Amino acid sequence: MTGSKVNRRNLLRIGGSVALCSSAYGFAAISAPRTLKFGLTPVFLASDLDLLASLKEYLQVSTGEPVELVTRRTYQEITALLISGWLDAAWICGYPYVAHQQELILLAVPVWRERPLYQSYVISNADRAVTDFEQLGGDIHAFSDPDSNSGYLVTSSLLAETSRRPEDFFDRTFFTYSHRNVVHAVAAGLAGSGSVDGYVWEVMLETEPSLTTQTKIIRKSEWLGFPPIATARDHRNSAAAAKLRSAFLDLSATPAGSKVLSLLRLDRFEPAEPGLYASIAAKAEQLRRLG
Amino acid sequence: MIRRLFAPMTWPITIRAPLMVAALMVFVGVLLSRELLVRLASAQEDHLKALSAAYLDGVSSAVLPHAIREDVWEVFDALNRASSRYESVNALTTVVVNSGNRVVAASDPKRFRTGELLALWDAKFSASGRDFVIDARMARANAVRTLSVQGQKIGRIYTELDIAQLLQERRTLLWQLILTNTGLTLGLAAIGYVAMLWIVRPVQILGDHLERAVDGQIRPIEEAALGHLDSQFGQLFRRYNAVAVAANEREALRARLAEEEKLASIGRLASGMAHEINNPLGGMFNALDALKRYGDRETVRATSTRLLETGLRGIRHVVRATLMNYRGTSQMSDLEASDLEDLRFLIQSAVRQKALDLNWDNQIKRPLKTQVSAVRQSALNLLLNACAVAPHNTTVGFRAEEIDACLEVTVRDQGPGLGAEYKRYIETGREPLAVIGEGKGLGLWMVRKLMVEVGGSVKVETSAMEGTSIRLNFPIANQDAIHAG
Numbered sequence: 001m002t003g004s005k006v007n008r009r010n011l012l013r014i015g016g017s018v019a020l021c022s023s024a025y026g027f028a029a030i031s032a033p034r035t036l037k038f039g040l041t042p043v044f045l046a047s048d049l050d051l052l053a054s055l056k057e058y059l060q061v062s063t064g065e066p067v068e069l070v071t072r073r074t075y076q077e078i079t080a081l082l083i084s085g086w087l088d089a090a091w092i093c094g095y096p097y098v099a100h101q102q103e104l105i106l107l108a109v110p111v112w113r114e115r116p117l118y119q120s121y122v123i124s125n126a127d128r129a130v131t132d133f134e135q136l137g138g139d140i141h142a143f144s145d146p147d148s149n150s151g152y153l154v155t156s157s158l159l160a161e162t163s164r165r166p167e168d169f170f171d172r173t174f175f176t177y178s179h180r181n182v183v184h185a186v187a188a189g190l191a192g193s194g195s196v197d198g199y200v201w202e203v204m205l206e207t208e209p210s211l212t213t214q215t216k217i218i219r220k221s222e223w224l225g226f227p228p229i230a231t232a233r234d235h236r237n238s239a240a241a242a243k244l245r246s247a248f249l250d251l252s253a254t255p256a257g258s259k260v261l262s263l264l265r266l267d268r269f270e271p272a273e274p275g276l277y278a279s280i281a282a283k284a285e286q287l288r289r290l291g
Numbered sequence: 001m002i003r004r005l006f007a008p009m010t011w012p013i014t015i016r017a018p019l020m021v022a023a024l025m026v027f028v029g030v031l032l033s034r035e036l037l038v039r040l041a042s043a044q045e046d047h048l049k050a051l052s053a054a055y056l057d058g059v060s061s062a063v064l065p066h067a068i069r070e071d072v073w074e075v076f077d078a079l080n081r082a083s084s085r086y087e088s089v090n091a092l093t094t095v096v097v098n099s100g101n102r103v104v105a106a107s108d109p110k111r112f113r114t115g116e117l118l119a120l121w122d123a124k125f126s127a128s129g130r131d132f133v134i135d136a137r138m139a140r141a142n143a144v145r146t147l148s149v150q151g152q153k154i155g156r157i158y159t160e161l162d163i164a165q166l167l168q169e170r171r172t173l174l175w176q177l178i179l180t181n182t183g184l185t186l187g188l189a190a191i192g193y194v195a196m197l198w199i200v201r202p203v204q205i206l207g208d209h210l211e212r213a214v215d216g217q218i219r220p221i222e223e224a225a226l227g228h229l230d231s232q233f234g235q236l237f238r239r240y241n242a243v244a245v246a247a248n249e250r251e252a253l254r255a256r257l258a259e260e261e262k263l264a265s266i267g268r269l270a271s272g273m274a275h276e277i278n279n280p281l282g283g284m285f286n287a288l289d290a291l292k293r294y295g296d297r298e299t300v301r302a303t304s305t306r307l308l309e310t311g312l313r314g315i316r317h318v319v320r321a322t323l324m325n326y327r328g329t330s331q332m333s334d335l336e337a338s339d340l341e342d343l344r345f346l347i348q349s350a351v352r353q354k355a356l357d358l359n360w361d362n363q364i365k366r367p368l369k370t371q372v373s374a375v376r377q378s379a380l381n382l383l384l385n386a387c388a389v390a391p392h393n394t395t396v397g398f399r400a401e402e403i404d405a406c407l408e409v410t411v412r413d414q415g416p417g418l419g420a421e422y423k424r425y426i427e428t429g430r431e432p433l434a435v436i437g438e439g440k441g442l443g444l445w446m447v448r449k450l451m452v453e454v455g456g457s458v459k460v461e462t463s464a465m466e467g468t469s470i471r472l473n474f475p476i477a478n479q480d481a482i483h484a485g
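Chain order of the listed sequences is A and B.
In terms of our numbering, the first sequence opens at residue 1 and continues consecutively.
In terms of our numbering, the second sequence opens at residue 1 and continues consecutively.
Treat the hints with caution; some may be incorrect.
[To be verified] Part of the chain A face toward chain B, derived, beta carbon under 7 Å:
id, residue
1, PHE169
2, GLY189
3, LEU190
4, THR254
[To be verified] Selected chain B positions facing chain A (Cβ under 7 Å, derived; list incomplete):
id, residue
5, PHE76
6, LYS110
7, PRO475
Honestly, the hints are just simulated from the structure, not real lab data.
Only a predicted model underlies this, so the values are computations on that prediction, with no experimental measurement involved.
Yeah, the Cβ is synthetic: ideal placement off N, Cα and C, and Gly gets one too.
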């Protein structure tokens, strides 16, 4: 494990400050033309260059502005850039959203299989005889990201229900900073089990069945709010945020947008309400109480 | 035959020479192949070592920043990327361990679990004292590289390479060498065999002719096989032909001498016969004269008639023996004791001249199917020879008996003994014919000739002190067959 949540929060704040300073210098140095900066966390199928190119092209056409897609290795980096206002909007996970709900505003939420919801899966290698989560004790467990809801929070809070921490229940844990990498690590046997985004696993079942068939689902969580698109509260009235919101809500209206949705295996985007993430907030609170 | 198989020196040179070439080729082939394989193995090892070093360099650079933090996923990801980038290295497994030799991540995580202590290969490297070890039995090579930053050791990278392909190359080369060398060896042996056949063919021709010459037929080499006049074998063949012509001429001369000797012998026989006939003739004429004068007297008539009858019977014995001896038939017929008895009449003149004691022992009890004429002529020749060489007042022996389905005729004398060359000649016929000649030993030559014709054998015992004993063995035809016939 890489430290407690409190430490992560502190780091996040420091990171955010650093990013803010950087962005301030950045704005001072670079003047017009204005480029829309949209952040992407590895919550979705990162490294899919075809998807990134299609999304960028769609957003540029839809907003009429140059668009820069900003990707980072960790959720923490993207969240810090978003809160600092350096990004106009970002597709973040529900966990960072509830953690920074005071500083962030929801713009849209994806609809997958007709619901703005998804699940967290605990998976293991398909060759193992385990069928129950409790049988995974003593495993090497792969998490996606310490700020991921499905890739960390759900499993940690599940253990917190019985006052256990991941480092106590598992023999060893590590972060892969990508849901796809979690599936890969479990399939290869690097980890005995892993916590992964259920949406990503289901999409990979279509796109990379050779990996997913080497894993099996041990536990599915309850339905939780799908990772949303958010902007900094300070940008809630900005034109950039409005353009990006409209672009995502209108994705299904154009062929280019439909292509993006098709690549993402999503139905559409719709306006989001903070209440969608109440259950995630409860899990975060449970974990916080454990200390 | 089987004994010859195990005695290589008795094998034909056409086999021995190609075999020697083949053995030499095998020896050279084995030496060269071994040298080649050793060099190939060395080159492969050097190449593999360099390849594994390049691979470990690349992997080290990729994993080093992550190995410092013991970032399991990043180390694994780096190893994964390296394995696809360095496919030609055939790395089966690569393991990164921390300074405590515990696994951070391995390209084959099911085999090497993160966090476990890696002792498997450490012992192998410690034992050899090297950072590159080959295990040909398992078709594996292992290499190790220490990861260090600013002189601080943070871990190691172990890798296991699959060298089955390299070993397969060695095996393939080995088989290619074996097949090539075998092919070359067999090919050269075959060429050697054909070449030797061609080279020794004149020797075989000469050998065949010499083999026939031993049996008495000296046949010159045909004109077509003589070859070029300037060639060594051409000259040799021509010298052989010259020798053959000379030998044949000598043989013809000897036959002529034998014929003359035969005529002379007949003359002597005729003279003896005349003598034998003449002896009673005087008495017979006296008896005839007495009959003319005093034929009216009963006593004179009876006495003269008895004398005439005795004289005529003696003449009849001599005439019959001569007729028997020279009727010249080679057919098989029954030999009876009486057929040999009358030989005594043919030699009695010689016996009487030297006052010899004739020890006659005829043990033939029943008719024996054999070539009677050959038996009689052989026995008569030996008896006449014995009488000729025997000193005055000594004994000449004759014995005839049936032993083991053979007729054995033995003639002994107390003469000065038979020369070794004559003994060899009459027993084996192998002695050069030159020993027989100039009127000497023609009787033996005739006996040898007759014995070869009837398929008999001769055994001679001779010494200067005890004289000579010549034993002739004549085969007897199957008696059942005779009776059935």
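(message) Given a cut of 7 Å on the nearest C-beta pair, is the interface hint for PHE76(B) held or broken against chain A?
(response) Hint holds; PHE76(B) Cβ to chain A Cβ min 5 Å, cut 7 Å.
(request) Identify whether the interface hint at LEU190(A) stands, where standing means a beta carbon of chain B within less than 7 Å of its own. (result) 4 Å, holds
(message) Take the shortest C-beta to C-beta distance between THR254(A) and chain B; is it under 7 Å?
(response) Nearest chain B Cβ about 37 Å off; hint violated.
(request) Would you check whether PHE169(A) satisfies its interface hint, that is, whether its CB is within less than 7 Å of any CB in chain B? (result) Since chain B brings no Cβ nearer than about 16 Å to PHE169(A), farther than 7 Å, the hint is violated.
(message) Given a cut of 7 Å on the nearest C-beta pair, is the interface hint for LYS110(B) held or broken against chain A?
(response) For LYS110(B), the interface hint holds, since the closest Cβ of chain A sits about 4 Å away, which is under 7 Å.
(message) Quick check on PRO475(B) please, does its C-beta sit within 7 Å of some C-beta on chain A?
(response) Nearest chain A Cβ about 96 Å off; hint violated.
(message) Next item in the hint list is GLY189(A). Is there a CB on chain B closer than 7 Å to its CB?
(response) Holds, about 4 Å.
Of the numbered hints given earlier, the model fails hints 1, 4, 7; all others are met.
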